[in-house]
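Asks: All chains should be modelled from the sequences, with the hints used to inform the complete structure.
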Amino acid sequence: MAADPVEVLSATGADVRKGRKADAVAGVTPAAVAAPGSAEQASALLSAASAHGLAMVPRGAGTKLDWGLPPRRCDVVLDTAKLDRITEHAAGDLVVRVQAGVPVRRLQDELGRAGQQLALDTADGDKATIGGLVATGMAGPRRLRYGAPRDLLIGITVVLSDGTVASSGGKVVKNVAGYDLGKLFAGSRGTLGLIAEATFRLHPLPPEVSYVTLSCDGAAAAAEAVRTVMGTQLAPSACEIARPRPGAPVTVAVLLEGRPDAVAERSAKMRAALDGSIPGVPGAPGAPGGAAAAAVSPGWWNAPAAPAGGTLLQLSCPPGALQAVLDAVDEAASGASPAAMPARGRAASGSAALDPVVRGSAGTGVLAVGLATGAPPAAVGEFVTALRELIARQGGDLPGGSVTVVHAPPAVRDSVDLTGPIPAVGLMGAVKDQFDPGHLMAPGRLTGGI
Amino acid sequence: MTTGATVNPPASTGIPSAATGGQTGAGPAAAAALAPRLREVVGAGNVISDPRQLRTYECDGLTSHRSVPALAVLPDTAEQIAAIIRACAEARVPYVARGSGTGLSGGALPRADGVLVVTSKMRRILDVDVPNRRAILEPGATNLSVSKAAAPFGYFYAPDPSSQVVCSVGGNVAENSGGAHCLKYGFTVNHVIGLQVATPSGDLEWIGDGTAAPPGYDLLGAFIGSEGTLGIVTKIVVRLTRVPELVRTMLAAYPSMDGGGSAVSKIIGAGIVPAAIEMMDALAIQAAEKAVACEYPPGAGAVLIVELDGPAADVAYEFDEARRLCEEAGATEIRVADDPAERAVIWSGRKSAFAAVGRISPAYIVQDGVVPRTALEEVLHAIAEMSEQSGIRVANVFHAGDGNLHPLVLFDDAEDTAEERAEELSGKILDACLAHGGSITGEHGVGTDKSAYMPKMFTAVDLDTMQRLRCAFDPGGLCNPGKVFPTPRLCGEVPGVRRGPGTTVSLSAPADATAAPGEHPFSTSSGEPELF
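Chains A and B, in that order, give the protein sequences.
Per the numbering used here, the very first residue in the first sequence carries number 4; after that it's consecutive.
Per the numbering used here, the very first residue in the second sequence carries number 224; after that it's consecutive.
These are calculated hints, taken from the structure and not from any lab test.
Check before you lean on any hint, since a few could be wrong.
[Unchecked claim] Chain A regions said to be covered by chain B (calculated; three or more residues, Cβ under 8 Å):
1. 94 to 100
2. 398 to 411
[To be verified] If you anchor each label on the Cβ, the simulated ranges turn out as follows:
3. B/L349 with A/K130: 39 to 49 Å
4. B/I557 with A/P263: 55 to 65 Å
5. B/L349 with A/S418: 31 to 41 Å
6. B/G553 with A/G115: 44 to 54 Å
7. B/V353 with A/A381: 31 to 41 Å
8. B/G715 with A/D127: 39 to 49 Å
9. B/P520 with A/K130: 54 to 64 Å
Using N, Cα and C, we set each Cβ at its ideal position, and we do this for glycine too.
Replies: Below is the structure:
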């Protein structure tokens with residue numbers, strides 16, 4: 004292209020500067036970084052960029068830019084930092100309208116002052132913005148009770164690559180007028196357009212919380228404990244597991260929220276139920292080996308299973324498959340055939356290379372597996388394939404689930420299929436073609452050529 | 224328009240035929256001509272071409288809009304539905320899906336030049352998968368049948384529209400139905416984790432995979448609530464919810480709606496999220512009393528039904544607090560249900576409300592507007608004022624917790640111009656909802672009924688952008704055309720590239736859904752064209 008992107012975009016009057024190495028998206032440095040101050044300004048920017056065939060990648064705080072494939076092209080980074088207003092907080096209606104560049108933390112602080120929250124978990128210290136939260140669709144332990152960003156999103160304003168500014172939904176929770184573009188954009192990772200503003204339904208902050216934890220001796224015991232938790236009528240807000248390495252005990256942790264007296268009662272009942280699920284445990288509260296309750300979460304709660312430069316997998320599977328998944332992680336990590344599978348409790352040879360950490364929402368069947376940073380790409384590839392085969396077998400008549408490589412070092416990313424087969428990928432491609440016919444929005448980032 | 228015409232127009236060329244008076248697209252005769260092929264697909268007994276039998280399907284729950292389809296087909300399997308769509312696509316014949324026909328926005332209103340695909344034979348619950356807390360069903364399964372199937376295991380299906388005894392889950396998917404308990408439990412879109420869809424290209428595709436976090440775009444979220452315009456659902460995977468430990472229900476009577484509204488504000492302001500809060504005004508109470516003798520406190524200006532459910536410890540505490548707040552707001556009487564039977568009696572009045580107004584008025588229009596909860600008092604006053612000024616009675620029933628109103632505009636259809644004036648008042652009510660930042664539809668859908676209002680709520684650009692989604696799924700424009708959007712979007716040229724297993728983007732030009740003057744695909748029984 005002949006024109007200088009910085010010049011072309013500056014002509015719109017927006018805040019534009021030259022791209023630097025630090026602005027690189029998965030290794031691709033943009034020629035320009037543009038920071039629109041409004042949806043209208045974003046419209047002018049995207050329109051100008053499109054007219055010159057410039058590929059664009061939206062960026063909030065840039066904390067998840069290493070997710071997915073590198074963009075095939077990245078000429079412009081669209082920085083949402085100036086879209087930084089909490090437009091309207093209607094506390095009486097439990098609704099908030101907020102621009103995409105607002106950090107989630109800042110929004111939560113503001114909402115907290117009114118005793119309210121956006122019921123989504125972000126990891127400690129995560130600087131993610133609202134736009135990033137929606138674009139990645141990420142959710143933490145409380146997805147069990149509140150869902151993912153798409154479940155709390157009631158309105159959205161987006162800017163398409165051709166400069167179109169469009170809204171769907173509104174600011175009321177009950178609303179079925181028209182198609183829900185918010186759902187479409189949630190999790191789309193910038194490939195359909197720029198999210199400029201989002202409206203969410205809110206929840207009251209619970210006055211009290213309790214974390215009930217139980218250490219389980221192996222996958223079968225953990226699965227039984229989770230079944231017990233989910234079978235109670237104690238309305239857990241989260242049911243998480245953590246296993247730091249194959250063969251290690253699995254910790255099951257349950258979050259209960261509500262009024263102080265009620266939470267205390269439910270916490271006691273939950274401990275009793277968990278104790279009752281483990282054969283051989285006396286069942287008296289506080290008995291050794293029994294469940295414990297605390298007012299704060301375990302250290303690993305909502306913490307990433309893999310460090311920034313490492314390989315993080317997300318498994319989505321039927322919740323009843325937990326034991327099979329944990330066993331399959333052991334098996335795949337050890338590289339052993341089923342016949343030669345090592346006994347529980349002994350570290351498997353070969354697993355040191357992958358060192359899988361398993362965490363996540365056992366209650367919903369969304370688990371995270373973190374692999375060692377230095378894991379050889381071939382081993383990772385085999386591991387992922389084995390897990391995909393296992394998950395496919397869980398489905399019966401249904402697709403079964405998925406194993407997605409969320410982020411990985413370049414060597415792994417370039418040699419492993421990041422998503423496996425995706426149902427309806429053809430329809431997704433058709434949607435992409437409609438919203439971004441020129442394939443200028445984060446091209447190639449998502450999957451299957453999108 | 225007549226069915227069973229003797230003229231056999233050429234299929235799939237888009238050449239206007241004499242029988243359709245200049246309308247592009249293949250026309251009703253082409254639809255009727257599909258009968259032999261469709262009989263091969265579903266069996267002779269499951270293709271209806273007799274005009275008298277077809278009239279059974281001429282409307283859904285919105286009885287003011289009627290249109291007899293050229294053919295009706297009753298498939299029994301997903302493959303049959305896909306084959307029906309393929310046949311229609313090749314012949315350029317539009318098709319409309321119908322579940323139980325209880326919809327209130329005319330979403331299942333047939334096309335006189337099209338095929339009606341009725342899913343009422345496909346009502347099976349295929350699997351109740353308790354370990355994975357999900358169930359797999361066919362689209363015609365009734366909403367309540369799912370909860371009934373899950374009950375022995377201690378689970379239920381949470382979205383509970385008032386018509387749940389009859390309405391189909393497929394219809395719920397189309398409308399993203401809520402129900403009285405959606406305040407706490409959410410909507411269909413929060414409880415469906417997988418759909419098998421017969422797409423407009425005639426393929427069977429899974430959208431979502433039955434687990435909580437499928438990769439790629441959330442087509443599931445976009446499809447649910449798309450009112451049957453993006454394909455026909457053939458299998459549904461729903462999330463099952465654990466039955467709450469305790470349910471407590473109370474009825475509170477107030478001298479006026481203001482008192483009831485004040486109680487709702489106090490309850491929500493206290494951080495309590497009830498499972499349901501419903502309100503009815505004096506006129507609605509009067510009607511319900513006549514219909515089901517629910518014995519609501521006589522002379523009440525408003526009644527509030529508050530229901531809390533969940534763990535016993537929480538419910539006990541919160542219920543007592545909610546009751547105290549109801550009293551504080553000036554309740555003249557509070558009744559607490561002590562057992563399921565009493566609970567059912569309290570709900571009977573509310574659940575009968577729509578049908579019940581038939582006892583106090585020959586005809587009515589029910590609206591489905593939404594306003595922010597904090598604007599409820601103001602809007603209800605505005606409605607009362609409009610009602611007084613126009614002399615048209617309006618009974619109010621609504622989901623007080625989320626501001627979803629159901630004003631029932633009562634009129635006598637025997638009276639000259641009464642219907643038009645009632646429509647006008649209905650429109651003004653929706654305008655008031657929009658002016659307060661609300662929505663034209665909270666749960667009934669846009670369908671045929673409210674598409675004319677869409678430009679009041681969204682800009683032309685918004686509507687055009689939404690329809691890009693439609694172009695992605697249905698570039699041919701044959702899948703329930705003419706619903707939701709007042710002006711169809713031309714889908715333009717999209718290359719016919721096969722993008723993945725089983726999915727092809729169609730090369731065909733879009734059908735023109737607009738009719739020539741005097742001719743209309745939705746001809747009403749009176750022959751007058753309905754504008755949409």
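Asks: So, for every hint listed, does it hold in this structure?
Replies: Status of each hint after checking the structure:
no., hint, verdict
1, 94 to 100, "holds (count 4)"
2, 398 to 411, "holds (count 9)"
3, B/L349 with A/K130: 39 to 49 Å, "holds (46 Å)"
4, B/I557 with A/P263: 55 to 65 Å, "violated (26 Å)"
5, B/L349 with A/S418: 31 to 41 Å, "holds (40 Å)"
6, B/G553 with A/G115: 44 to 54 Å, "violated (32 Å)"
7, B/V353 with A/A381: 31 to 41 Å, "holds (40 Å)"
8, B/G715 with A/D127: 39 to 49 Å, "holds (48 Å)"
9, B/P520 with A/K130: 54 to 64 Å, "holds (56 Å)"
Taken one by one, the earlier hints fail for this structure at numbers 4 and 6, listed in ascending order.
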